[in-house]
Amino acid sequence: MAAVTRILIRHETILGILFVIALFVMAAQSDRFFTTANLLNQARLMTEVGLIAIPMTFVIITGGIDLSVGSIMGLCAILVGVFWQNVGLPLSAAIGLSLVAGTLAGFANGIIITRFRVPPLIATLATLALYRGLAEGISQARSVRGYPDWFAQLGQGEIAGIPTQLWLFALVAIAGIFILRATTFGRTTYAIGNNEAAAEFSGLPVERTKLLIYTASGFISALAAIVFVSRVSTTRSDMGNGIELEVITAVVLGGTSIFGGRGMVIGTLIGLCLMQILQNGLSLSGVRGDGTTVVIGAILIVAVLISNILGRFAND
Amino acid sequence: MTPVIELAGVSKAFGPVKVLTGVDFALYPGEVHALMGENGAGKSTMIRIASGDHRADEGEIRLDGEARRFRGPREAQEEGIAVVHQELLLFPSLSVAENIFLGHQPKTRRGFVDWGRMRREARELLDRLDCPQLDVDQRVAKLSVADRQRVEIARALSRKARVLIMDEPTAALAEADVQRLLDVIRRLREDGVAIVYVSHRMNEIFAIADRITVLRDGTSTGTYPVSEVTESSLVSMMVGRDIHQLFPKIEVERGKTRLEVRNLSRTGLVEDISFDLHAGEILGIAGLVGSGRTELAQTIFGVTPATSGEIKVDGSPRKIASVRDAIANGIAYVPEDRGLHGLVRPQPLRENVTMAILDRMTKFSVIDTGREQRMAKEAIDRFAIRARDARQRVGQLSGGNQQKVVLAKWLATDPKVLILDEPTRGIDIGAKTEIHRLMGELARKGIAILMISSELPEVLGMSDRILVMKEGRLSAVIDRKDATPDKVGAAMMRTRPEPAAAGAVR
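Just so you know, the protein sequences line up as chains V and P, in that order.
Counted from 1, the first sequence has number 23 at position 23 by the working numbering; the numbering is strictly sequential.
Counted from 1, the second sequence has number 71 at position 71 by the working numbering; the numbering is strictly sequential.
I should point out that these hints are in silico values taken from the structure, not numbers from a laboratory.
Glycine included, each C-beta is placed from N, C-alpha and C at the ideal position.
Among the hints, erroneous ones may be present.
Covered stretches of chain P, as calculated for chain V (at least 3 residues, CB under 8 Å) [what the hints assert, rightly or not]: (1) 250-256; (2) 320-330; (3) 340-351.
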């Protein structure tokens with residue numbers, strides 16, 4: 001792993017340096033930026049994107065992509081509201097069912113990709129439209145409000161001074177790091193991305209691994225939907241619209257190769273934080289939203305370029 | 001008469017590997033000149049030099065008696081030298097006429113493509129090739145292989161080709177199409193086109209060729225009129241050396257039956273294969289490319305599971321529906337294409353070595369990296385793999401060392417049956433000998449080895465018995481003591497397999 005790790009560490013070093021620079025610049029621009037309250041609040045805001053970015057890292061390492069995560073999130077958010085308010089189930093049961101629905105949506109993606117051999121880009125582009133359409137059909141353009149206080153704890157409360165959902169995020173991230181680094185599942189994920197045929201010829205469970213990854217992506221998207229609903233105390237069918245692009249940006253910014261085979265969860269986490277403080281810092285210092293998008297785009301290109309150039313040196 | 005093209009004392013090396021040494025070759029107008037030789041003998045390189053793809057290190061190319069240097073394939077094309085490649089280089093989504101005239105479409109005065117003239121001329125060319133039923137507006141994707149080949153030939157003729165080089169043109173053709181192709185070649189010959197015809201098929205060579213040049217290990221063993229050679233003299237010219245000296249064959253007592261294959265078929269790939277393989281035995285599989293050797297191996301290994309038939313390991317029938325089943329039943333397969341199927345090149349050596357037994361390397365599905373590291377170190381020592389350390393990426397190793405990593409990976413599964421598909425392709429002599437020595441050692445330990453090879457000397461030198469395959473079936477089984485290049489070669493190329501041969505396998 002030496003050579004590969006070295007590149008990744010270098011990519012992460014670059015990213016880490018960029019992150020520190022960004023922190024200083026933003027702190028200098030606005031004295032509201034570098035405060036515990038603001039930083040914790042930013043962490044709270046990035047949790048949904050962050051959660052989905054963990055399984056997305058796996059997806060992209062296999063050489064795939066999952067564009068449907070935002071739609072799954074919207075669908076699951078709607079389902080929580082509908083099951084609870086319209087069907088009249090207890091809220092906890094509604095949450096459970098919504099998680100099951102998200103998992104099934106991811107499983108369906110996996111089946112389309114592994115059994116019917118549809119390229120992931122096409123398969124999840126189709127389900128992006130399909131799941132979003134379902135969400136809109138079910139919601140009938142009505143939003144659901146009035147969630148009980150205990151539910152709001154997840155998205156708005158704190159445990160030991162840290163936002164509640166951040167604990168959840170930490171749990172998922174640590175699980176992601178562990179699975180990718182230490183287990184046969186993680187090893188198989190890399191092997192698929194680097195050479196799927198050779199993985200197959202080595203008797204590795206290629207199909208099962210891919211199926212599980214897309215299923216996990218659906219499950220975590222549902223989890224992110226619950227966190228989101230809890231944070232904003234309302235459900236609408238357009239929730240999570242376009243979030244897939246933010247997620248993919250974070251993952252790729254974090255050094256995961258879009259061609260597969262290379263990447264780490266740690267990188268994704270740094271990429272995510274960098275994006276979030278840029279957004280926050282720029283808006284605090286008065287840059288408009290579209291300006292922020294331009295800066296993030298530029299940072300993405302620079303980071304990927306640098307990593308490509310370094311990668312070329314490492315390849316002999 | 002002066003030759004239309006002549007190679008005189010041509011040599012070519014790729015890095016340290018000499019591919020051609022002082023080859024002479026002359027081609028006259030209106031002749032069909034067959035070029036023969038084993039895989040790796042230098043045929044392709046010679047064709048590439050003649051067509052301007054490669055430049056010779058030494059020697060010269062003469063066109064109509066005058067020395068010429070081609071700066072690239074374009075210049076050779078302008079001189080009327082065209083190559084019909086084995087893998088046809090057409091554009092599937094363009095029409096027949098567009099493919100024929102790609103790069104030199106007839107233009108109108110205003111610079112637009114003159115479609116009318118293009119279609120008309122394409123039609124004339126195809127009629128000249130005796131295929132009036134071929135529609136010039138048809139998309140090439142919809143054509144059969146034989147028709148595509150005609151389009152490719154028409155494309156060569158549209159460039160006013162004087163020299164037509166055909167690289168194994170019949171490899172993918174059915175018998176009837178072969179006859180039509182030979183007719184077309186005869187017609188072109190009458191028109192004065194000079195044709196180089198590369199093929200392994202003896203009957204075609206004798207049907208069409210006027211003269212024959214045989215290449216062996218990058219040198220020409222001479223050019224002969226077809227009347228002066230026979231099938232067996234050609235085979236021994238191609239193979240040449242005294243094989244049994246080159247290979248360190250260890251005599252191993254034949255043990256109990258490890259693998260029994262009965263009536264194994266996989267629709268469209270292999271048909272009705274039966275044989276036994278014993279502990280300590282090396283069973284060679286010979287056959288031309290496309291004869292079903294690799295397909296047989298991959299059927300036994302579960303990549304393309306059998307559709308009918310039976311596989312027994314150590315006497316009991318086993319169901320092999322996947323690679324995992326095969327590994328679990330003690331079957332290992334070192335594939336033909338190292339880079340594509342054998343290794344995950346961007347990953348480190350140690351991860352490759354354990355890849356086939358990853359399940360056995362874990363505690364609660366966490367990989368025991370300490371054990372992995374030890375295993376990789378052992379493999380490096382045992383196989384003398386030249387690597388910096390166990391963490392080096394496999395893609396950085398040389399071909400021979402990569403092959404040793406693949407071997408280490410499969411021996412880690414502790415196989416009873418080891419299938420080796422072209423185990424020494426593309427690796428240097430030193431590593432080759434080491435792998436041959438290792439094969440003997442493994443046989444002595446009681447592993448049953450099935451070895452596929454395109455190199456006849458290797459098959460003859462290493463095998464205890466030889467299965468010869470042709471068109472997805474067994475065409476002969478030959479014992480070591482009876483195996484001669486002529487006999488094996490003849491069984492490989494025979495037009496009709498003798499049905500009796502397959503029965504005599506057990």
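Hint check results:
1. Only residues whose beta carbon comes within less than 8 Å of a beta carbon in chain V count, and the region 250-256 of chain P has 0; fewer than three means the coverage is violated.
2. Requiring three or more residues with a Cβ within less than 8 Å of a Cβ of chain V, the coverage given for the region 320-330 of chain P holds, as 5 such residues are present.
3. Using a Cβ-Cβ cut-off of 8 Å, 10 residues of the region 340-351 of chain P lie near chain V, which meets the minimum of three, so the contact claim holds.
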